[in-house]
Amino acid sequence: MTDAIVPSRSPAATHLPAAPQRVRGYWGSVWRRLRYDYVTLFCLVLILIIVASAVFAPELAPLDPYKSSMAHRLKPIGYRNYLLGTDEQGRDMLSRLLFGGRVSLSMGILPVVLATAIGGLFGVLAGYYGGKVNTVIMRTMDVFFAFPSVLLAVAISGSLGGGIVNQLLTLTIVLIPPLCRVAETATAQVRTMDFVDAARATGASTLSILFTHVIINVMSPVVVYASTLVSVSIILASGLSFLGLGVSPPTADWGLMLSTLRQSIYVQPWVSAIPGIAILVTSIAFNLVSDGLRQAMDVRS
Amino acid sequence: MNDMSPPAVAAVPRPEPFVRVEDLRVTFVSRDATVRAVNGISFDLERGKVLCVIGESGSGKSVMMRSLLRLHPKGRTVIEGGMRVGEHDIASIGDRTMTKLRGSLVSMVFQEPMTALDPLYTVGEQIAETVRRHEKVSREAAWARALELLELVRVPSPERRLKAYPHELSGGLRQRIVIAMALSCRPSLLLADEPTTALDASVQIQILVLLRRIQREMGMAMIFVTHDLGVAAQIADEVAVMYAGRIIEYGDARDVLVAPKHPYTRAMLASTAKDQGRDHPLEAIAGSPPDLRALPDGCSFAPRCAHAGPDCTRAVPAPVTDLRRHMARCVRTRLKAGLLTFDPGVAGDPAVREGIDLAARSSPAHCASA
Amino acid sequence: MIHPIAVAGGSHPSPDPRDRGGPAQPMLIVQGLKKSFPIRAGLLNRTVAEVRAVDDVSFVVVKGETLGIVGESGCGKSTLARLLMHLIPKDAGQLVLDGDPVGEARGVMLDELRRSLQMVFQDSASSLNPRLPIEQSIAYGPRVQGASGSSAKAQARSLMEKVGLNPSLFGQRYPHELSGGQKQRVNIARALALDPRLLILDEAVSALDKSVEAQVLNLLGVLKRQLNLTYIFISHDLHVVRYISDRVLVMYLGQVVEIGPVDAIYDDPKHPYTQALLACRLSMDPEARVEAAPLAGDPPSPVSPPPGCRFHTRCPFVEEICKTAAPVLGDVLALAPERHLAACHMVQPGSGHSRAPDRVGVH
Chain P
1 MTDAIVPSRS
11 PAATHLPAAP
21 QRVRGYWGSV
31 WRRLRYDYVT
41 LFCLVLILII
51 VASAVFAPEL
61 APLDPYKSSM
71 AHRLKPIGYR
81 NYLLGTDEQG
91 RDMLSRLLFG
101 GRVSLSMGIL
111 PVVLATAIGG
121 LFGVLAGYYG
131 GKVNTVIMRT
141 MDVFFAFPSV
151 LLAVAISGSL
161 GGGIVNQLLT
171 LTIVLIPPLC
181 RVAETATAQV
191 RTMDFVDAAR
201 ATGASTLSIL
211 FTHVIINVMS
221 PVVVYASTLV
231 SVSIILASGL
241 SFLGLGVSPP
251 TADWGLMLST
261 LRQSIYVQPW
271 VSAIPGIAIL
281 VTSIAFNLVS
291 DGLRQAMDVR
301 S
Chain C
302 MNDMSPPAVA
312 AVPRPEPFVR
322 VEDLRVTFVS
332 RDATVRAVNG
342 ISFDLERGKV
352 LCVIGESGSG
362 KSVMMRSLLR
372 LHPKGRTVIE
382 GGMRVGEHDI
392 ASIGDRTMTK
402 LRGSLVSMVF
412 QEPMTALDPL
422 YTVGEQIAET
432 VRRHEKVSRE
442 AAWARALELL
452 ELVRVPSPER
462 RLKAYPHELS
472 GGLRQRIVIA
482 MALSCRPSLL
492 LADEPTTALD
502 ASVQIQILVL
512 LRRIQREMGM
522 AMIFVTHDLG
532 VAAQIADEVA
542 VMYAGRIIEY
552 GDARDVLVAP
562 KHPYTRAMLA
572 STAKDQGRDH
582 PLEAIAGSPP
592 DLRALPDGCS
602 FAPRCAHAGP
612 DCTRAVPAPV
622 TDLRRHMARC
632 VRTRLKAGLL
642 TFDPGVAGDP
652 AVREGIDLAA
662 RSSPAHCASA
Chain R
672 MIHPIAVAGG
682 SHPSPDPRDR
692 GGPAQPMLIV
702 QGLKKSFPIR
712 AGLLNRTVAE
722 VRAVDDVSFV
732 VVKGETLGIV
742 GESGCGKSTL
752 ARLLMHLIPK
762 DAGQLVLDGD
772 PVGEARGVML
782 DELRRSLQMV
792 FQDSASSLNP
802 RLPIEQSIAY
812 GPRVQGASGS
822 SAKAQARSLM
832 EKVGLNPSLF
842 GQRYPHELSG
852 GQKQRVNIAR
862 ALALDPRLLI
872 LDEAVSALDK
882 SVEAQVLNLL
892 GVLKRQLNLT
902 YIFISHDLHV
912 VRYISDRVLV
922 MYLGQVVEIG
932 PVDAIYDDPK
942 HPYTQALLAC
952 RLSMDPEARV
962 EAAPLAGDPP
972 SPVSPPPGCR
982 FHTRCPFVEE
992 ICKTAAPVLG
1002 DVLALAPERH
1012 LAACHMVQPG
1022 SGHSRAPDRV
1032 GVH
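Protein chains in written order, with the working numbering: chain P, 1 to 301; chain C, 302 to 671; chain R, 672 to 1034.
No lab work stands behind these hints, which were simulated from the structure alone. Note that the coordinates shown come from a computational prediction; the quantities given were computed from them, not determined experimentally. Each residue gets a CB set at the ideal place from its N, CA and C atoms; glycine is no exception. Treat the hints loosely; a few may be bogus.
[What the hints assert, rightly or not] List of simulated lysine-lysine pairs, PhoX-like, C-alpha gap at most 25 Å:
#1 R:Lys895 / R:Lys833
#2 R:Lys761 / P:Lys132
#3 C:Lys575 / R:Lys895
#4 C:Lys575 / R:Lys881
[Said to hold, decoys possible] Per the computed footprint, the stretches of chain R lying under chain C, defined by three or more beta-carbons under 8 Å from a beta-carbon of chain C, are:
#5 873-885
#6 953-964
[Said to hold, decoys possible] A partial selection of chain P residues facing chain R, derived with a Cβ cut-off under 7 Å:
#7 Met193
#8 Asp194
#9 Phe195
#10 Asp197
#11 Ala201
#12 Thr202
#13 Gly203
#14 Ala204
#15 His213
#16 Ile216
#17 Asn217
Input sequences plus hints: build the corresponding full structure.
Written out as structure tokens, the structure is:
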């Protein structure tokens, strides 16, 4: 009871103060709001399907994605047992799409995860300490920020060379500055809150304050922002492959497929468009999910 | 249901009220809950009078006032009941007309002056713009009017302030500017939502004196929302005390503030730290205000009331109004010689008393539901 | 040098085992505390001006008392609170906690100060970590000071009971699920978790509804007696300060303008600023309205405070001397704490103000 030690008259002491009956945590309340957001739910399911089909590509693919056949080049959708037709080397499009998803999705998600960890760490440090630490970290980030992301990616991967690992590295470097900026802004905001001062007043170490009080509050804006970057990363990766700076043929990758099928656009327009459609659908789904997440994670709503 | 009309015996001819609110109900509907913020309030306000609406956070006082300007988000708000200002039926007029009336017929002053001002424009540009939005006047005439308005709200060296940006001004000056903007089109009704709460005491009193003077000079009606009984005493002609979306006491400012009849108003007065002896504890009101998503049955204040009994939870107490138009909604208030009296010994009316046993049995349920 | 101050009269709290300096040793002596914030501008981030938020403030806090600090926004009362808590570094001055200077080789270390001195913040969106269940918020302090997880938790639960919150009902709730009054109880419990002796309450009830404010004030009274606490109560609400304080300190633009026992301040204010502040209190009676505001204008900016007496720009009794010479408060550290002192030329004998008394014989 709130009136337990108030010595004045306390009638109807059984009256409970206003509060929801069921106590649920933060993530519980996020899920409760998300549950009614059908667009986000639909996109989540879509992403799950895309991810699952990439993971289980070896099981799902009807044919060998690398087996070419001169006889069956550029066949239309639904030709014989080629469900989505064939590419310019007569390889099965569906199988290549499934296997290509493995590379493209990894290039969407892995760099974002890495960049969130690295950029987030620097951003939190810059935001919490301010002053010179902030100046050093943020001005360094500004150097990278000064270039358009595509240009930066091309420049870095140009100097690093092609290949999956280098492409991963390139994308991570490109994504660090924006994530660092978001983490810095959010941290600087949390830093001014009274509860941080209250924690400092208990004599807590900076590390303890960062972990118990700061990161937990900085996480949701950073996670939401990171989720919007997944689609950016997919598109950048595809772009690099398209330009020949990413994975090298014959590896199946959506960007690379789009690049090589480009010459056949007048012969088989629909087949050529398939990898593009895959990139488009996946990135839109990721974007819509991050939009929904942002709304659901807003405690005030 | 016309709560506020005087009983037949006291039928003194009264001027036609300028503002009439009848059985206003405001409900916010969302996926999670239905919040009943205003639950049937009615009042009249004459031209040139100040009505102070007193209540704690969540009492519905600001919601009620925003309804008079139809400021609530459309999709999620259900507004029922009648609202009339002058000859305009606020509840039914079209959005176009409503937009025109905002500022010219009804105007509003908010609590936080910084959010009401655009940081990118000078004070003069903003006031002149407001004037020109409603009246077809030249730029120069609008600027002259802005200067006039700043003089009206007693801003020192007004010519210089017109060229100032909001962040260059102190909190008190900003609130004066916001008031000047609200007055720019000579509204007949001014709504003030805790306009002095964010200010220092010394500035608060300046603004209260100013508002009172302007209101008198312009003959405006004013509805002033506050949680502070002292502020209400400064500015009100009439006072309405709100609790859980209902007016639970209403009357002449002096009647309500000096001799309140509802246990809630009485407890509020008794619990203020003003002039209380240091040696004994304050008479605090136990508990917290009710959850508007699940209001208790009957009197909403009963769970916290020192005089509550089973008869309080049966039905929402009917308003009792006396000769002086002093109204209270409490089963313990009675008319004695035409005047309202509070008698803690009185039980609700006999019809209710029959239900005591039943209510007593069901009362734990109502307590838990809050 | 600071000498232990003998407190004449007044009831001492019962001896506390945590006492080091004896009952007559003030809980806290603040001497010449100064803090200014630079205002930077321009490309090179050069300091163009400074806000003198706290400017040479000295006072003592007697054991077991409640010292009320009042003043308008910008007077430096919140900065003062943060300086006392060592949340921001001071420019100059010294703190003496129960006889030992803080942060010096022979004195108390910061860690010990942390335990003895805690702060209750204003109830606001930012006073509690929104992502932490309140039990964890309260248990955080003991955990930091080395308590085991289970003992910190047990302590948090017993503190919740002390402040009137049922631990099994509220322990796992998040701040947004609590009302303002409940959050403030949590704030108080968190401050008490390190078993402090002096609590700084910075506008601790200002954001609460009136009916809840009384509950929290009562709670503070009960806790003070139970736990043998000393309070510094910072507020702009003069009614509340009168109710809760034993002595009152009035601040204006970073300086102490008047200090004294609560009744002396309220019944016989010496400084024109205190008089004006008190006149700004609102009566509950509509027939006793204030028709003219006691103070004109806003407080001047602390960036460039006026010379002489800082209040002279708003003072009704201003004379030439006020514009040139700054009045002194008197040696608050050497005089008995129950002395009533005001920094005004009108109470200083022979100051040159026409209203100043002739001989020594001030209050």
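*Quick check: which numbered hints come out false for this structure?*
Violated: none.
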